[in-house]
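Line by line, the protein sequences give chains A and B.
Take 0 as the starting number for the first sequence in numbering that gives the first Met the number 0 and just add one per residue.
Take 0 as the starting number for the second sequence in numbering that gives the first Met the number 0 and just add one per residue.
Heads up, some of the hints might be wrong.
Said to hold, decoys possible - Only pairs whose alpha carbons sit at most 30 Å apart, straight line, appear in this in silico BS3-like list of lysine-lysine: (1) A:LYS10 - B:LYS52; (2) B:LYS106 - A:LYS127; (3) B:LYS1 - B:LYS49.
Keep in mind that the hints were calculated from the coordinates and are not lab data.
For clarity, every value in this text was computed on a predicted model and none was experimentally measured.
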Amino acid sequence: MMNSSKEQSLKETRIVVLSPDSRLTPEILAKKVIHLPLIVKVTCWGLILSGDPSIIQNALKEICPLDPTRIFTKRRGYPPGDPRICRFHRGGGPRPGFHYLEFEATLLPLISQALETPLTKEISPPPKPLKKKPLSVKALRKIIDETAK
Amino acid sequence: MKIFIYPPNSLILSDLVERFGHEPLVLMSEIQERVTNPDIDSPPLNITEKDLKRGLHYVAIEAPSGIRGRMGVIGPLIDEAQAAIIIENANLNFGCLGCARAANYIKYLIRKKNIPILTIQYPTD
Chain A
0 MMNSSKEQSL
10 KETRIVVLSP
20 DSRLTPEILA
30 KKVIHLPLIV
40 KVTCWGLILS
50 GDPSIIQNAL
60 KEICPLDPTR
70 IFTKRRGYPP
80 GDPRICRFHR
90 GGGPRPGFHY
100 LEFEATLLPL
110 ISQALETPLT
120 KEISPPPKPL
130 KKKPLSVKAL
140 RKIIDETAK
Chain B
0 MKIFIYPPNS
10 LILSDLVERF
20 GHEPLVLMSE
30 IQERVTNPDI
40 DSPPLNITEK
50 DLKRGLHYVA
60 IEAPSGIRGR
70 MGVIGPLIDE
80 AQAAIIIENA
90 NLNFGCLGCA
100 RAANYIKYLI
110 RKKNIPILTI
120 QYPTD
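Working from the sequences, and respecting the hints, build out all of it.
So this is what it looks like as structure tokens:
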């Protein structure tokens, strides 16, 4: 148990999310990486890959060129099928973190569009706010004199 | 460059930072260390006393334990950051990131660090 946990802590888990407007399916992505020594789990929104970080990078190099602007990845804390968050073990319902992923997945087509048509013109940086100078003694004295009249 | 992102578990920010050749400092890497560590003290999230003590580096003892716990996990990421991207008023700030005081404190610590910060308002139209 101890050794397997140590091995697990050296591994990386990464999720691959397909933008809803992509023509690919999670199964097509899985076929590309199934030959690699990784745990590959197919889900409705993409894949979960778990294994050696360098092999995961190789897997991403194979997957991402298929649709570079519509495939998104991020790391995940829990390994796939972890009983602490797995729906099967928890008796159904969404797993922790799913609502967040679901929300972000709805925004992915906009991000894809932005990546495909980057803004060509340069935007000048916003003007720096003027530094406020402290009120000089003379000015303060003038204000006091005026109000005292 | 190590870039802290806020929200720290965002798929979009994390992907974009990596896509353009930088290393995102994300919550998931911290969580992975805790959930796959052999010394699991308090499953399922494995937030231990050590994390709460570490949280004291960032907040006072009077702060609620939720903030201390969050800072114990997110604080070291801020220490490592060389730049930061912050999305203000993001609609996606819910769940574990729904703590407004912890959010304010995270942003305050980043601004105090004097590193380049890209602050973007969440688009509403």
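How the hints compare with the structure:
| no. | hint | result |
| --- | --- | --- |
| 1 | A:LYS10 - B:LYS52 | holds, 27 Å |
| 2 | B:LYS106 - A:LYS127 | holds, 20 Å |
| 3 | B:LYS1 - B:LYS49 | holds, 25 Å |
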